[in-house]
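A.B. asks: Here's the letter readout for the chains.
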Amino acid sequence: MKKLARQVVFYSALLAIWALLAKLRIWPPYLFPPPWGVGRALRDGFADHSFWIGIAVTMKRMLIGYSLSVVLGMLLGLAVSSSRFLEETLGGLLVSLQSLPSICWIPLAVLWFGLTEKAILFVVLMGSLLSVTIAMEDGRKQMPKIYAMAGRNLGASGFRLFWSVLLPASLPFIVNGMKQGWAFAWRSLIQAEMIFLSLGLGQLLMMGRDLSDMSQVLAVMILIIILGYLVDGLIFRTIERRLQDRYGLSPA
Amino acid sequence: MSTSPQNAYPTPVPAVPRPGVRASVFHGKPPAAVTALPLRREPEVVVPKVTLDSISLSYRTTSGERLLALDNINLEVKPGEFLCIVGPSGCGKSTLLHLIAGLHQPTSGKVLIDGAPVTGPGTDRILIFQDLGLFPWLTVGGNVEFGMKMKNVPRAEREEKTQYYLRLVHLSKFKDSYIHQLSGGMRQRVALARALATEPDVLLMDEPFAALDAQTRDLLHDELERLWAETGRTIIFVTHNVREAVRLGDRVALLTFRPGKVKQEFSVSLPRPRHMEDTDVARTARNILDCLRSEINKSLEAEYADEKVG
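In order, the protein sequence lines correspond to chains A and B. Under our numbering, the first residue of the first sequence is numbered 1, with each subsequent residue one higher. Under our numbering, the first residue of the second sequence is numbered 1, with each subsequent residue one higher.
These are computed hints drawn from the structure, not numbers from a lab. In this text, a Cβ means the ideal position worked out from N, Cα and C, and glycines have one as well. One thing to keep in mind: the hints can contain errors.
Short, incomplete list of chain A residues facing chain B, as computed with Cβ under 10 Å [claimed, not checked]:
#1 Pro34
#2 Ala79
#3 Ser83
#4 Arg152
#5 Leu154
#6 Ser157
#7 Arg160
#8 Ala169
#9 Leu243
#10 Arg246
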């Protein structure tokens with residue numbers, strides 16, 4: 001309760017300072033809109049459905065691109081972690097590729113796929129695939145070996161060993177990788193949308209810029225923050241906390 | 001100290017290079033000609049439950065040199081026997097259990113169960129790991145049930161047996177708890193129930209009580225002794241605690257330090273139930289300990305040497 005109170009005070013103060021600065025008119029309103037201006041932009045955006053459409057389009061791409069990268073990343077991670085040869089060759093390549101910001105894939109994607117949906121999905125995939133792969137690989141390596149031994153000792157082998165022991169044993173690592181993958185996919189998608197004419201939130205942001213509508217820019221930024229927080233902070237953190245409780249990994 | 005009337009002294013049985021030609025229990029001093037004796041004394045030939053036939057194991061260390069971990073180990077365990085293996089840390093006791101469990105293969109030699117060679121893990125031998133390896137994603141009941149599930153035991157039977165074995169280790173109330181919610185002693189009992197539930201002939205236990213406080217450990221000793229008597233399983237129990245070995249075992253095998261070899265075997269014929277505080281247990285342990293001391297010193301020297309190098 002105390003924590004909530006402190007947070008309320010903090011955000012109210014932040015809003016108050018913003019409102020005060022806007023009222024003082026140090027900068028013109030089209031560069032520094034007041035909170036109520038942004039509020040109005042949010043309301044109008046939802047009223048004319050453009051924000052709804054933006055959210056729907058962005059989330060759809062996110063789901064497709066992210067699901068693709070999770071499935072591929074897990075398979076790739078499994079492959080890399082179970083073969084010495086792949087680990088020494090492909091493993092190194094993957095780590096070095098991860099240092100490439102995903103936006104660098106945009107020129108390549110445009111040349112390959114044109115200004116299409118496929119190009120956006122490609123960028124999202126490249127943005128999150130590697131972190132899922134690497135997390136999966138780490139998970140397989142860091143997973144305590146005793147679980148596999150105990151499983152074999154109790155009569156599990158082959159697919160059943162994988163399904164009933166190896167998979168659940170590495171679940172905390174997998175979820176961590178999925179969470180990281182989500183964060184990367186989210187960033188990549190918004191970046192890609194800012195460059196394409198594509199209906200998503202990224203484009204709404206750029207449209208705000210083109211129209212010199214600072215209120216809309218801020219409104220869309222707030223939307224992106226809220227959506228990202230909802231998924232990352234609520235969904236993933238809840239799953240993580242549940243897992244930690246269940247596996248006895250939580251500090252308390 | 002004089003010889004106790006109840007044979008409190010351990011009776012040393014020299015390690016015999018070949019298996020199959022040794023009486024398991026000697027009273028008094030070991031005779032000079034060991035090899036000739038068994039056939040005359042024990043006319044009925046009992047097929048040993050577990051036979052370790054010239055087991056050796058070597059492996060390559062990270063620095064590339066070959067290390068001999070186990071050197072020509074010969075041991076026989078009779079059906080229903082409680083054998084304790086004692087040795088200093090690093091003597092390969094745990095490795096030996098892993099070999100019997102079929103989790104690793106020896107470099108040379110054979111592990112036989114009922115006379116048949118072991119080729120891999122099997123539910124006729126269940127190992128209770130030092131770190132237990134209980135599955136945190138399953139409930140206590142789920143853990144106990146796991147082995148039966150892998151054996152495709154029908155659900156109704158599984159549930160019945162899970163109940164039975166949980167009752168046996170006094171954990172019925174905790175069937176739906178998760179592992180991290182239990183105390184150390186309770187986890188040990190879950191591991192025991194999980195192992196027993198697959199109904200193995202041989203129970204392999206790797207220092208299972210090392211991390212427990214003395215009271216809990218004493219309690220679990222009593223329970224293990226009771227379960228052993230009730231279920232008639234063969235138990236091979238590894239420990240570095242000589243008193244514990246004497247407290248529990250019918251026989252104690254002493255392993256040397258690096259490479260692990262059977263230095264000596266002692267038969268313990270103290271009456272059961274025993275207790276850690278029994279003077280007879282203490283005296284017997286004392287004697288084995290004297291024998292073990294030189295090995296412990298070797299192991300400590302090696303550890304210090306490692307430290308200096310590292």
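A.B. asks: Out of the numbered hints, which ones does the structure contradict?
C.D. replies: Result: hints 1, 2 and 3 break, sorted rising.
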